[in-house]
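Visitor: Single-letter residue listing:
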Amino acid sequence: MKKRNNRIVLLTALCVAAGAVSQAQVLGGGHVSGNVQLDGQISKADSVIGSTNVAEKLLSNMRADVLYTNGAISAGLRIEGYLNPMLGFDAKYKGVGVANYFVSYQRERLSITAGNFYEQFGNGMILRAYEDRYLGMDNALRGLSVTGRPVNGVTLKGVIGKQRCYWDYGRGLVRGLDGEVSFNSLIKSLEGSKFHATVGAGFVSKYEEDETVNAEQPGYKLNLPLNVGAGSVRMDLGYGGFSLQAEYARKGQDPSIMNSYIYRPGEALMVNATYSQRGFSANVQAKRVDNMSFKSVRSESGQMLYINYIPAITKQHTYAFLSMFPYATQATGEMGLQGDVMYKFKKGTALGGKYGTDLHINSAIITGLDTTRVGGAGTYGYNSKWLKCGDLYYGDVTVEVAKKLSSAVKLTATYGYQVFNPEVDGHIGNLHHNNVVVCDLTWKVNKKNVLRFEGEWLGSDSKYGEKFMVGGVETENHDRRCGDWLMGLVEYNFLSKWFVSVSDQYAYRDGIGNYYNVSLGYNYGATRLQIGYGKQREGLLCIGGVCRQVPASNGLTFSLTTSF
Amino acid sequence: MKRILLTLVCLALAGIATAQNTVPQNVTIKAMDGTSVQTSVIQNDGKPIIISFWATWCKPCNRELNAIKEVYENWQKETGVKLVAVSIDDARSATRVKPHADGNEWDYEIYLDQNQDFKRAMNVVNVPHTFVVNGKGEIVWQHTSYVDGQEEELYEVVKKVAAGEPIEEAAE
Amino acid sequence: MKRHIIFAAIVCAALMTLTSCDKVEEGKYTIFSGAAGTWFNSNENIPDTQRAFLEKYTGVRCKNCPEADEVIHAAMEKYGDRLNVASIHFNNSFGEPIKPTDPDLRTEKGNSWCDYFMGSSAALPSALLNRGRSGGSWDSFDPAAGFDDRVDAVIGNQASIGLLMNAGEEEGKPYAEVHIGFNRDITEALTLTILVIEDDIHTSQLRGREQLDDYQQNHVLRQIVTDEWGMDVVADGKTGTKRMVRVPVDLRSDCARGNCSLIAFVSYKESREIVNSVSCRLK
Numbered sequence: 001m002k003k004r005n006n007r008i009v010l011l012t013a014l015c016v017a018a019g020a021v022s023q024a025q026v027l028g029g030g031h032v033s034g035n036v037q038l039d040g041q042i043s044k045a046d047s048v049i050g051s052t053n054v055a056e057k058l059l060s061n062m063r064a065d066v067l068y069t070n071g072a073i074s075a076g077l078r079i080e081g082y083l084n085p086m087l088g089f090d091a092k093y094k095g096v097g098v099a100n101y102f103v104s105y106q107r108e109r110l111s112i113t114a115g116n117f118y119e120q121f122g123n124g125m126i127l128r129a130y131e132d133r134y135l136g137m138d139n140a141l142r143g144l145s146v147t148g149r150p151v152n153g154v155t156l157k158g159v160i161g162k163q164r165c166y167w168d169y170g171r172g173l174v175r176g177l178d179g180e181v182s183f184n185s186l187i188k189s190l191e192g193s194k195f196h197a198t199v200g201a202g203f204v205s206k207y208e209e210d211e212t213v214n215a216e217q218p219g220y221k222l223n224l225p226l227n228v229g230a231g232s233v234r235m236d237l238g239y240g241g242f243s244l245q246a247e248y249a250r251k252g253q254d255p256s257i258m259n260s261y262i263y264r265p266g267e268a269l270m271v272n273a274t275y276s277q278r279g280f281s282a283n284v285q286a287k288r289v290d291n292m293s294f295k296s297v298r299s300e301s302g303q304m305l306y307i308n309y310i311p312a313i314t315k316q317h318t319y320a321f322l323s324m325f326p327y328a329t330q331a332t333g334e335m336g337l338q339g340d341v342m343y344k345f346k347k348g349t350a351l352g353g354k355y356g357t358d359l360h361i362n363s364a365i366i367t368g369l370d371t372t373r374v375g376g377a378g379t380y381g382y383n384s385k386w387l388k389c390g391d392l393y394y395g396d397v398t399v400e401v402a403k404k405l406s407s408a409v410k411l412t413a414t415y416g417y418q419v420f421n422p423e424v425d426g427h428i429g430n431l432h433h434n435n436v437v438v439c440d441l442t443w444k445v446n447k448k449n450v451l452r453f454e455g456e457w458l459g460s461d462s463k464y465g466e467k468f469m470v471g472g473v474e475t476e477n478h479d480r481r482c483g484d485w486l487m488g489l490v491e492y493n494f495l496s497k498w499f500v501s502v503s504d505q506y507a508y509r510d511g512i513g514n515y516y517n518v519s520l521g522y523n524y525g526a527t528r529l530q531i532g533y534g535k536q537r538e539g540l541l542c543i544g545g546v547c548r549q550v551p552a553s554n555g556l557t558f559s560l561t562t563s564f
Numbered sequence: 001m002k003r004i005l006l007t008l009v010c011l012a013l014a015g016i017a018t019a020q021n022t023v024p025q026n027v028t029i030k031a032m033d034g035t036s037v038q039t040s041v042i043q044n045d046g047k048p049i050i051i052s053f054w055a056t057w058c059k060p061c062n063r064e065l066n067a068i069k070e071v072y073e074n075w076q077k078e079t080g081v082k083l084v085a086v087s088i089d090d091a092r093s094a095t096r097v098k099p100h101a102d103g104n105e106w107d108y109e110i111y112l113d114q115n116q117d118f119k120r121a122m123n124v125v126n127v128p129h130t131f132v133v134n135g136k137g138e139i140v141w142q143h144t145s146y147v148d149g150q151e152e153e154l155y156e157v158v159k160k161v162a163a164g165e166p167i168e169e170a171a172e
Numbered sequence: 001m002k003r004h005i006i007f008a009a010i011v012c013a014a015l016m017t018l019t020s021c022d023k024v025e026e027g028k029y030t031i032f033s034g035a036a037g038t039w040f041n042s043n044e045n046i047p048d049t050q051r052a053f054l055e056k057y058t059g060v061r062c063k064n065c066p067e068a069d070e071v072i073h074a075a076m077e078k079y080g081d082r083l084n085v086a087s088i089h090f091n092n093s094f095g096e097p098i099k100p101t102d103p104d105l106r107t108e109k110g111n112s113w114c115d116y117f118m119g120s121s122a123a124l125p126s127a128l129l130n131r132g133r134s135g136g137s138w139d140s141f142d143p144a145a146g147f148d149d150r151v152d153a154v155i156g157n158q159a160s161i162g163l164l165m166n167a168g169e170e171e172g173k174p175y176a177e178v179h180i181g182f183n184r185d186i187t188e189a190l191t192l193t194i195l196v197i198e199d200d201i202h203t204s205q206l207r208g209r210e211q212l213d214d215y216q217q218n219h220v221l222r223q224i225v226t227d228e229w230g231m232d233v234v235a236d237g238k239t240g241t242k243r244m245v246r247v248p249v250d251l252r253s254d255c256a257r258g259n260c261s262l263i264a265f266v267s268y269k270e271s272r273e274i275v276n277s278v279s280c281r282l283k
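Protein chains in written order, with the working numbering: chain G, 1 to 564; chain V, 1 to 172; chain C, 1 to 283.
Hint data in this document are derived by calculation from the structure and do not stem from the laboratory.
Be aware that a few hints might be false.
[Claimed, not checked] Okay, derived cross-link-like pairs now, DSSO-like style, lysine-lysine, Cα gap no bigger than 30 Å in a straight line:
| no. | chain 1 | residue 1 | chain 2 | residue 2 |
| --- | --- | --- | --- | --- |
| 1 | G | Lys354 | V | Lys59 |
| 2 | G | Lys344 | V | Lys136 |
| 3 | C | Lys63 | G | Lys221 |
| 4 | V | Lys47 | G | Lys497 |
| 5 | G | Lys354 | V | Lys47 |
| 6 | G | Lys221 | C | Lys283 |
None of these values were measured; they are calculated from a predicted model.
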């Protein structure tokens, strides 16, 4: 039945598109573009790293986007296939089909999209429909989206739809409205001024049918609100190099599995202040999130069906050991502060040398909330003090110095110190204190050949296999990331199209595992092919504070992407 | 049934599509002062444009944009090229885009594509992904990933575009 | 023009969307979903107040009964909710309506009480307080005499069972929700009885030698919702145990709902002696 519906919608969409095309009398016009990605994986059991044999031998994910554009009209569809889903992707993805289609009409004053669409209000604290193929995450709304720009500087958006959940759509209906006024475009005399100001507000409401959710007290079920609303106000002010952004969001009673079905309203505040000029910038960010997990289906506990998005404010590290213990946003409650400074020592100065030196310092601290429990499911849940911190979740300081040593050699040296609470991502033990040193050296041998070396060290007070008492039961630490590590990587780029890299991560003390990797890649235009062989650590893959658990793998992987 | 239908659709679309891919005009992106603008603002008076998709957390992107920075002034003088850097940072790091660019002394035209509408419209899968657009707004060259020194290859393309010569390495 | 239409459409959509947020009042976060008559654990705060239940046997043809009513009304004002009263109209000629237009205030289940506690040869008015016994027989007494001392003797203690009752309505049908809290161990079997009383019923009534045409009958037993000897209390009877049950009230059609109250009492199954009682208005 559902499949049939899909087909009818698709046909209608195509008819509309075709109609628009023929009406515009440019049947020969327009153009098609797209992209294709194919990933494959073969993995074998390895008890040391914790990988298991894959029954299918070969796992693959594929995806193709096709986009047709003709003037103001565009239409697209996406075919996804997971045969069978690669390690770390939910088994519910198994299958092939049309995952996404839309028809869109976009003019200067009006845009309308029917079908699947992505949207974000402000920072996304009340609504963000987005996808990230590497996280296996797609919460596109299927429905209708209208954006109007009645006058310059004023944007009004309205959306209605249901969210994608694997191959299906969640039963929750999402409706949203957002308005934004940008004074620099609205008021002629402000155009080109050093001062800028934008304000906005949005409201999102979710409707979900009633269901029986048992309260803690037997014989009682929860009196569920069927419509859950969330609203936010935001501003962006700036003068010259200074700018200040703030957004405050509030959510009505939303008992769900994410907050253990409590009736406390949610709220979140994010403030960001920045000063920057050429060669120097400083930035401070603060946030407080309290019970802001907002999903279109109450009982969904996984990573799907999020209506909103609470960004992490920690720096997104890219070096392997700095990102070994990534921080995942706790939308149910956290407080955080982050500071970031960049400075460029000028060429010819004592510290700048011949080519100049870049210094980048970043620090963040995230804690839980200080809460007092009131009750469980079917109660207000808890009370929390506004400015009082709870347990420490995460803290880090990173200092990075990048310097060109000669016209051909560039060195980036990074030192990082991290404190990580293993309980945040479901592990056990005391706080981990990690020291990380990274040396990244790039040597441009000649115009078409580049060598890159990377050496990393991670020293930690965490130990794999250490025993803890948890609730009176002796438990062993099975987090394979724990221990002291060394890593080396050599990457050779040749003929400007090929690259080969060899790397090894080795737990030399208190840890377990030896993760070697060899990979070969080819880049040509918009095409990229990569083949790798080796061991991949189990862990969290995080993008934008949203994380996915990836199991260990041992074997061959390949990936092909191309755009046309 | 569905698959046959899809094949037909794809063929039909391919059949009617003959024109060169151009940069979409009506996608909404954000300028550095927080105002929403349409991608039609990406203009350079008939001279070539480099559109580079990047993110603050992407190392190769930063290496590429920093490498181009060193030679950007010369490029501009010789060909009139303009580099438009489109950041795909989301709310986590979008507020860091301006300080990041200022801190690195980039003089590029920078836009935010937080909702990734432009990224999707341009079929960008991974960053860095760099496009060269000619004076008519047609995409004549594109490349993903960056290796040190590759900016010279990019500049060869820009020079050809500025001189009106055809590009051997087609967009595909 | 188009611009205005877009704007108007968005404003309309805004108005519709902005109202789309439900709020559940505190205290109503949970709603009952169990089967009627099934016992569950309770997490309510149950007061341990000891109350007295007075059942007064009366009749429209009982000429001394109005006098007893006056004494009882005075006591009710004094004791407030610590004294629960039900007037049971007797099943013999005392309860026979005087005029054919008067309502018959006798009930079938109430008749069983009359038979059991008073027998056929009762002299009215007569009353029982918590169905206490004295010397092997029911401690019945004439309520026309002052009985404050009796009430004081009952309510002076801390209740061995605390009771709490809420009346509610689900889909138009009223129900009673009774919570029982054990303040000491009770091993004997207990029963719970729930009844409906109605105030402000006007009938003819004999008083002394006169016949009143319009006498106001109050707290008249109209209906016993449970079995006349109650329903079993399912509980282990340990100190600290809190149990609750919800019982639908299928109100008889000739009752004015606004004048009705509920009384619930817990009694020993074996001896029928009442442990505690509670009342509330029927909403």
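Visitor: Just to be careful, I want the Cα atoms of Lys344 of chain G and Lys136 of chain V compared with a cutoff of 30 Å; is the pair within it?
Guide: This hinted pair is violated, its Cα atoms lying about 38 Å apart.
Visitor: Holds or violated: are the alpha carbons of Lys47 of chain V and Lys497 of chain G at most 30 Å from each other?
Guide: It holds: about 28 Å lies between the C-alpha atoms, which stays within 30 Å.
Visitor: Assess, step by step, whether the Cα of Lys221 of chain G is no farther than 30 Å from the Cα of Lys283 of chain C, and give holds or violated.
Guide: holds, 22 Å
Visitor: Lys63 of chain C and Lys221 of chain G: Cα distance at most 30 Å?
Guide: violated, 52 Å
Visitor: Straight-line Cα separation of Lys354 of chain G and Lys59 of chain V no greater than 30 Å?
Guide: Judged against 30 Å, a Cα distance of about 23 Å means the pair holds.
Visitor: Quickly compare the C-alpha distance for Lys354 of chain G and Lys47 of chain V to 30 Å and report which way the hint goes.
Guide: violated, 34 Å
Against the hints set out earlier in the document, violations occur for numbers 2, 3 and 5.
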